[in-house]
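Novice: Heads up: the sequence lines are chains A and B, in that order. For what it's worth, the numbering used here labels the leading residue of the first sequence as 57, then goes sequentially. For what it's worth, the numbering used here labels the leading residue of the second sequence as 57, then goes sequentially.
For the record, the hints were derived by calculation from the structure and aren't laboratory data. Fair warning: there could be bad hints in the mix.
If you want a taste of the chain A side facing chain B, the calculated C-beta under 7 Å gives, among others [what the hints assert, rightly or not]:
no.: 1; residue: T163
no.: 2; residue: A165
no.: 3; residue: L218
no.: 4; residue: V220
no.: 5; residue: E261
no.: 6; residue: F332
no.: 7; residue: I335
no.: 8; residue: A336
no.: 9; residue: A355
In the DSSO-like style, the derived pairs of lysine-lysine whose C-alpha atoms are separated by at most 27 Å in a straight line are [stated by the list, open to error]:
no.: 10; chain 1: A; residue 1: K66; chain 2: A; residue 2: K371
no.: 11; chain 1: A; residue 1: K373; chain 2: A; residue 2: K387
no.: 12; chain 1: B; residue 1: K159; chain 2: A; residue 2: K152
no.: 13; chain 1: A; residue 1: K125; chain 2: B; residue 2: K159
no.: 14; chain 1: B; residue 1: K394; chain 2: B; residue 2: K71
no.: 15; chain 1: B; residue 1: K359; chain 2: A; residue 2: K260
no.: 16; chain 1: A; residue 1: K359; chain 2: B; residue 2: K273
no.: 17; chain 1: A; residue 1: K350; chain 2: B; residue 2: K159
no.: 18; chain 1: A; residue 1: K371; chain 2: A; residue 2: K241
Given the structure is predicted, the values throughout are model-derived calculations rather than measurements. Glycine included, every Cβ here is placed at the ideal spot set by N, Cα and C.
There are 2 protein chains.
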Amino acid sequence: MQKVRITQLKEFSLKAFRALGISENDAKIAADILVAADVRGIDSHGVARLPIYAKRLQLGLINKNPQIKVVRERPGMAVVDGDNGLGQVVSYQAMKLCMEKAKQTGTAAVAVKNSNHFGIGAYYAMMALEEDMIGVVATNTSPLMAPFGGKEPMLGTNPIALAVPAGSQYPVVLDMATSLVPRGKIEIYARKGEKLPLGWAIDKEGRPTDDPAEALKGTLLPMGGPKGYGLAMMVDLLAGVLAGAAFGGNIGSLFGDMDRSQNVGHFMMAIDVNSFQPIAEFKTTMDNYILSVKNSAPAEGVKEIFLPGEIEFVKGKGREDGFELNPVVVKNLLDLGKELGIVAADTTEETLFA
Amino acid sequence: MQKVRITQLKEFSLKAFRALGISENDAKIAADILVAADVRGIDSHGVARLPIYAKRLQLGLINKNPQIKVVRERPGMAVVDGDNGLGQVVSYQAMKLCMEKAKQTGTAAVAVKNSNHFGIGAYYAMMALEEDMIGVVATNTSPLMAPFGGKEPMLGTNPIALAVPAGSQYPVVLDMATSLVPRGKIEIYARKGEKLPLGWAIDKEGRPTDDPAEALKGTLLPMGGPKGYGLAMMVDLLAGVLAGAAFGGNIGSLFGDMDRSQNVGHFMMAIDVNSFQPIAEFKTTMDNYILSVKNSAPAEGVKEIFLPGEIEFVKGKGREDGFELNPVVVKNLLDLGKELGIVAADTTEETLFA
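Full structure from sequences and hints, please.
Specialist: Structure, rendered in structure tokens:
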């Protein structure tokens, strides 16, 4: 496998977004957010997604030059209309606004409508860390889960991300879907021809299944049964209903709906730590907290206890000098690069990131 | 079993709190919140808990006459020092403050320190409904869960409650611990001598166990493995660390620590719906949302799909004309009533709520 550097992926993504007609400023933001997923080892949400964003931009399903507007506003809140722009660009601006407001009032919430798939929620939650704030970000997604007791896909995997600053330790960053596993994990089992653990998914009649093919025709199960169902719905009510975005079964699919926009909704909050207690004190307490958990006794057979987000920070460190990109992704990026005219015609998979 | 009316339980609780030296106003609040759990069918958190609150008040472990103070404040936030008062009284005041602030700014957050076990989080989240707001309430609790991969109890079951207003339908109310099951459920299995499903708990070496006795010596498992672990920690960071309350392994146990106060922390938010969109429009959308989920196809073998909180509303309706109180609880209340001198000396279990 080919080793690529993060800077190369960022440069490639930037060129691609530029070539797709995204403004210089927005292209930089989108490239940075996209590649941040690769940095964190969330390969499913990184440059691997560039081709689908490109396709949606080319088809006009994402607005390359959105007029992002604040449509309602009070000191501690806003509703942002993303004008069907790239989810990354819309969410970046919305989170910036949210933090500005939190600086004035101590806490703020921003709901976003007319947006698109925004990549990893952790990115926006972690924007708050730079301002010594706690960030909370949630988004609804296209429907993949049935209500608890149901069999129709009425809820997305609706992830929630939270980031809390620390001092010398890594910040604590949680970014989780409210389904027990992502759909992609079931696709992997299907390709390998392996059985699923029960509890991951149900078939189209709502019966528990260990057959990945049946599961892919059915729906994902929420984490913790009715609890994950409840959490997924709460995300949808905040990010979808409250924001005035699509919700429930009506959210367009990034991959599946190539004839309409997604109208994804987001909900974000910023909590200014300094308003609650001196930030230095907070960070010291956080460091102690983190170390007390880290150094607590591991269960039999466990080598090391990890804090939420720690594994991703460690992966990121490991990727500083480059990492091996999946050959399929390299191939797809090469094709995209040629189509957009951002790589020379004689470029090969071997020379793309040489 | 004896049938009691909610009004009888409220009257009894009110007299008990009065006799324990709680002011008239605070006693009314505490009684209302305590009995609200019985109304919702959460019997574990209702009048069954009156004896332990009484004991802690009598021992001076809960301050019967707290000077609840706002120690930090900005337009969209506050830190409240509960002065070791009853968790119910402290949280009620904190949520009132939170809603007042949200009315001014659109969204607000209040963190509470020096508080005590507050009963059901849903009560405070649902206070927001009366003001057409969305309520979010979380609390840390005494340690019962190990970190993911660990075996020492470093986290509570740290519940989260959210309440979202609707129109003609029941509001959507989620109130869930971040552990997969409560400790009480394992105690029930232990009493019955039944095996636990794997995944509920680990023994004191951190090994999966189906033996309830071993589980009770060990720790509870979070919902969804690392996800529930992450959520529990986030609750602790907001309700504990950010509030300046106890956190992690240091929170006093309601039942276990009869020599020190708990210093529980809470975190609450109010989101003013009208700031985001006209409330009438929101409620109509909510009703449609609720009905679309309710009327979606049930899985094979399922009769009815429930929205989060719906089962509790239905239970409440069923209890309007009284319900059967567990005889052990009746006995405990009778003993408490006699001790406090709020029932006649010749009262029996049969006549207590006759």
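Novice: All hints are to be evaluated individually against the structure, with a verdict given for each.
Specialist: Here is what the structure says about each hint:
1. T163: holds, 4 Å
2. A165: holds, 4 Å
3. L218: holds, 5 Å
4. V220: holds, 5 Å
5. E261: Check passed: Cβ of A:E261 comes within 5 Å of chain B, closer than 7 Å.
6. F332: Result: holds, 5 Å to nearest chain B Cβ.
7. I335: violated, 11 Å
8. A336: violated, 14 Å
9. A355: Check passed: Cβ of A:A355 comes within 2 Å of chain B, closer than 7 Å.
10. A:K66 to A:K371: Given pair A:K66, A:K371 holds - Cα atoms ~18 Å apart, limit 27 Å.
11. A:K373 to A:K387: Roughly 26 Å between the alpha carbons, so the hint for A:K373 and A:K387 holds.
12. B:K159 to A:K152: The given pair, whose Cα atoms are some 23 Å apart, holds under the 27 Å limit.
13. A:K125 to B:K159: Roughly 23 Å separates the two Cα atoms, so the pair holds.
14. B:K394 to B:K71: Since the Cα atoms of B:K394 and B:K71 sit roughly 12 Å apart, the hinted pair holds (cutoff 27 Å).
15. B:K359 to A:K260: Holds. B:K359 to A:K260 sits at ~17 Å (cutoff 27 Å).
16. A:K359 to B:K273: holds, 22 Å
17. A:K350 to B:K159: Outside the cut-off at roughly 41 Å; violated.
18. A:K371 to A:K241: holds, 20 Å
This entry does not satisfy hints 7, 8 and 17, going by the numbered hints stated previously.
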